[in-house]
Amino acid sequence: MTAPLLSIRDLHLSMSSYDGKAHVLNGIDLTVNRGEIWGLVGESGCGKSLTGLSISQLLPSPPADYMAGEIMLEGRDMLKLPRPELQKLRGNRIGMIFQDPTTNLNPAFRIGDQLVDVALAAARWKPGILDCPPGAGRSERKRAARKLARDMLERVGIPDAGMRLDSYPHQFSGGMRQRVLIAMALIGRPDLLIADEPTTALDVSVQAQILKLLKGCVADYDMGVILITHNLGVVAETCSHVAVMYAGNIVESGPVAAVIERPEHPYTRALMASIPTRDTRRGMLRGLAGSVPNLITPPPGCRFAPRCPHATAACMTGVPAPVRVGRDHAAACIHAKEPETAHV
Amino acid sequence: MSEIMLEIDDVSKIYAGKRGMFGRSHMVEALKHVSLSVRRGESFGLVGESGSGKTTLTRSILQLERPTSGRVLFEGMDLGQLSTAEMRWLRARIQIVFQDPYASLNPRMSVHDIVTEPMLIHRETLGLNRRQRTERAVELLSLVGLGAQHLYRHPHEFSGGQRQRICIARALAPGPDLLVLDEPTSALDVSVQAQVLNLLCELQDKLGLTYFFISHDLGVVRYLCDRLALIYRGEIVEQGDCASVFDAPETEYARALIGAMPEVKVPPAA
Ligand SMILES: Nc1ncnc2c1ncn2[C@@H]1O[C@H](COP(=O)(O)OP(=O)(O)O)[C@@H](O)[C@H]1O
Ligand SMILES: Nc1ncnc2c1ncn2[C@@H]1O[C@H](COP(=O)(O)OP(=O)(O)O)[C@@H](O)[C@H]1O
Ligand SMILES: [Mg+2]
Ligand SMILES: [Mg+2]
Chain A
152 MTAPLLSIRD LHLSMSSYDG KAHVLNGIDL TVNRGEIWGL VGESGCGKSL TGLSISQLLP
212 SPPADYMAGE IMLEGRDMLK LPRPELQKLR GNRIGMIFQD PTTNLNPAFR IGDQLVDVAL
272 AAARWKPGIL DCPPGAGRSE RKRAARKLAR DMLERVGIPD AGMRLDSYPH QFSGGMRQRV
332 LIAMALIGRP DLLIADEPTT ALDVSVQAQI LKLLKGCVAD YDMGVILITH NLGVVAETCS
392 HVAVMYAGNI VESGPVAAVI ERPEHPYTRA LMASIPTRDT RRGMLRGLAG SVPNLITPPP
452 GCRFAPRCPH ATAACMTGVP APVRVGRDHA AACIHAKEPE TAHV
Chain B
376 MSEIMLEIDD VSKIYAGKRG MFGRSHMVEA LKHVSLSVRR GESFGLVGES GSGKTTLTRS
436 ILQLERPTSG RVLFEGMDLG QLSTAEMRWL RARIQIVFQD PYASLNPRMS VHDIVTEPML
496 IHRETLGLNR RQRTERAVEL LSLVGLGAQH LYRHPHEFSG GQRQRICIAR ALAPGPDLLV
556 LDEPTSALDV SVQAQVLNLL CELQDKLGLT YFFISHDLGV VRYLCDRLAL IYRGEIVEQG
616 DCASVFDAPE TEYARALIGA MPEVKVPPAA
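So the sequence lines, in the order shown, correspond to chains A and B.
So the first sequence is numbered by my numbering: it starts at 152 and just counts up by one.
So the second sequence is numbered by my numbering: it starts at 376 and just counts up by one.
Note that these hints are calculated values from the structure, not bench results.
Please read these numbers as outputs of a predicted model, since none were measured by experiment.
Be aware that a few hints might be false.
[Unchecked claim] Below are the DSSO-like pairs computed for lysine-lysine, each with C-alpha atoms no more than 27 Å apart in a straight line:
(1) A:Lys363 - B:Lys640
(2) A:Lys231 - A:Lys277
(3) A:Lys293 - A:Lys277
(4) B:Lys581 - A:Lys488
(5) A:Lys366 - A:Lys277
(6) A:Lys239 - A:Lys172
(7) A:Lys366 - B:Lys640
(8) A:Lys277 - A:Lys298
(9) A:Lys277 - A:Lys172
[To be verified] Here are the simulated distance ranges between beta carbons:
(10) A:Lys298 - B:Ala618: 30 to 38 Å
(11) B:Ser517 - A:Glu305: 54 to 62 Å
(12) B:Thr500 - A:Glu305: 57 to 65 Å
(13) B:Ser458 - A:Arg432: 53 to 61 Å
(14) A:Gly441 - B:Ser458: 47 to 55 Å
For every residue, glycine included, the Cβ atom is placed at its ideal position computed from N, Cα and C.
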């Protein structure tokens with residue numbers, strides 16, 4: 152059996168700040184295979200972005216301190232790789248998209264030149280992406296990279312892509328800049344794409360188009376994707392799998408259909424109950440009182456217990472281990488039960 | 376019962392001379408012959424993508440923007456024709472809550488000062504002295520689910536949801552009849568959004584408020600609103616009762632939007 156694309160085991164991360172040391176990732180386990188789109192959901196402050204940044208090793212230490220665990224990318228531990236190796240991996244195998252497009256495009260350079268640079272750098276390790284004969288000269292490679300840049304802009308739905316290559320970032324709207332960043336993340340054909348709230352700032356129709364594009368790319372390039380979002384609707388529409396995060400733990404994970412049809416963790420249920428459906432009567436939205444705890448002094452035991460309607464004394468003792476509740480479906484709750492085998 | 380409180384009558388707004396992508400200046404028709412009416416006590420939803428003209432319409436209602444043509448009527452009065460004194464009185468009756476609870480609260484002011492400021496601005500209409508203003512601030516805070524212990528704290532000490540509650544308390548301070556809510560929950564987590572939506576329902580029942588609720592989230596509008604209008608590139612493409620628009624949309628645009636709504640429903644507990 153080949154190693155999974157990404158396998159995170161028992162990852163613990165703390166972040167130091169002025170107020171103290173926060174235990175922000177508290178034993179994360181996550182496996183992503185090629186062809187899978189994992190939605191990472193949860194309220195803000197639950198550790199979704201830090202999980203993404205840990206995979207790509209973009210957190211400076213200090214403040215970041217990895218206290219335990221491993222992050223294996225096809226069998227190699229990102230936490231143990233020397234810097235040059237890491238940079239190579241980051242540039243070529245891991246693509247990243249962040250929420251705010253203004254911070255990630257260089258305002259001084261034309262869009263096309265920025266895309267061409269990324270494509271040429273990636274082609275050093277993956278010559279195939281340029282579609283050039285071996286031994287092609289520099290100018291030929293550059294021409295091919297420019298064609299690839301235009302194709303990618305077209306794929307992400309930018310009209311007149313050929314002309315737009317010569318535009319500067321400020322000439323694009325926010326939605327267009329976000330599409331450019333998506334093109335930039337995909338142009339090097341990464342094996343793993345980490346997209347952190349890539350469509351949160353976009354309109355519903357643009358969002359739908361971009362999510363469709365992501366799905367298409369997963370199929371075409373056989374990538375794995377981690378899609379960080381706080382929108383369960385987006386997860387339901389786009390993802391094959393979902394991991395629900397609460398206060399530094401993955402509290403439930405599994406195939407999207409299973410988790411949404413049979414959520415077993417009270418937090419997952421509460422998140423779902425917060426979204427009005429067509430049958431929700433006025434004033435009857437259930438929601439979830441309280442807020443994500445401070446992680447400098449997190450509650451003992453299950454971190455969700457203080458907000459959980461089903462919490463018992465037993466919940467305060469020790470972090471609950473994931474319980475298998477269905478095929479590939481687990482919930483980290485001491486009240487979750489393994490179903491009868493006939494059920495699975 | 377179905378008395379009309381706010382009427383937008385054939386309003387158009389053209390912005391002239393904004394520089395375009397290639398340096399040409401062109402006109403932006405931000406609103407094209409928009410007509411709609413909001414009844415007393417109802418929640419009216421306005422749904423559209425960014426750039427469709429929602430904020431321009433809101434600014435026209437608040438008279439921060441003069442329509443190029445058409446009229447805005449509040450209880451039958453043409454807002455374009457009011458005297459300064461009438462306008463001041465009106466400003467107390469129409470209040471707004473913005474999308475971003477972080478940007479819309481002055482970080483240097485205490486909650487007390489934030490919530491009592493509109494009472495000071497409208498002191499001629501309200502006639503409250505200093506002590507009464509503080510008392511009213513405490514009342515308003517408890518109405519939105521906060522307490523007297525929060526009175527002398529500053530915005531940075533609050534979560535996003537709590538800040539939006541403070542914004543709502545501030546909007547309620549001059550005793551308005553109409554609340555314009557411009558994407559009030561878009562920046563919040565779903566769990567917090569649910570709390571704020573429930574608060575809005577509760578406040579409407581208690582105070583008999585009328586809501587003009589702007590959103591890009593159809594699910595939220597379906598939950599909160601009685602009627603809605605869909606705006607696309609400055610034009611109202613469809614409006615009606617929520618129930619009928621959602622069950623039998625008449626335009627292609629409405630059908631596409633409604634068709635794209637994801638449904639996430641919690642199954643009954645096992
Ligand atoms: N640079 C940092 N220093 C200290 N704490 C941080 C830092 N970045 C994030 N945190 C804390 O870590 C927790 C998780 O943050 P994050 O991963 O950004 O959450 P999410 O993406 O789920 O909203 C939060 O409590 C946040 O305050
Ligand atoms: N002050 C202004 N000058 C020129 N154009 C404007 C101005 N304000 C808004 N617009 C344009 O009017 C249109 C509608 O904008 P807006 O009402 O802000 O939309 P929404 O709130 O639905 O996102 C957009 O094309 C916007 O660029
Ligand atoms: Mg984040
Ligand atoms: Mg707006």
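Quick rundown of the hints versus the structure:
Distance hint between Lys363 of chain A and Lys640 of chain B is fulfilled; the C-alpha atoms sit about 22 Å from each other, no more than 27 Å. Using a Cα cut-off of 27 Å, the hinted pair Lys231 of chain A and Lys277 of chain A holds, with the two alpha carbons roughly 24 Å apart. Taking the CA atoms of Lys293 of chain A and Lys277 of chain A, the gap is about 15 Å. The hint holds against a cut of 27 Å. With a CA separation close to 43 Å, the supplied pair Lys581 of chain B and Lys488 of chain A exceeds the 27 Å bound.
Between the alpha carbons of Lys366 of chain A and Lys277 of chain A the distance comes to roughly 22 Å, so the proposed pair stays at or under 27 Å and holds. For the proposed pair Lys239 of chain A and Lys172 of chain A, the alpha carbon gap of about 31 Å is over 27 Å, so the pair is violated. As the CA atoms of Lys366 of chain A and Lys640 of chain B are separated by approximately 23 Å, the hinted pair is consistent with the 27 Å bound. A threshold of 27 Å between alpha carbons decides the hint, and for Lys277 of chain A with Lys298 of chain A the separation of about 16 Å falls inside it, so the pair holds.
At most 27 Å may separate the alpha-carbon atoms for a hinted pair to count; Lys277 of chain A and Lys172 of chain A exceed this at roughly 41 Å. One distance hint, 30 to 38 Å for the beta-carbon pair Lys298 of chain A and Ala618 of chain B, is violated here, with the actual separation near 52 Å. In this structure, Ser517 of chain B and Glu305 of chain A meet the distance hint of 54 to 62 Å, their C-beta atoms being roughly 56 Å apart. Our hint of 57 to 65 Å for Thr500 of chain B and Glu305 of chain A holds, since their Cβ atoms are close to 58 Å apart.
Restraint check, Ser458 of chain B to Arg432 of chain A: a C-beta distance of roughly 44 Å breaks the suggested window 53 to 61 Å. The hinted range of 47 to 55 Å is satisfied by Gly441 of chain A and Ser458 of chain B, whose Cβ atoms lie roughly 49 Å apart.
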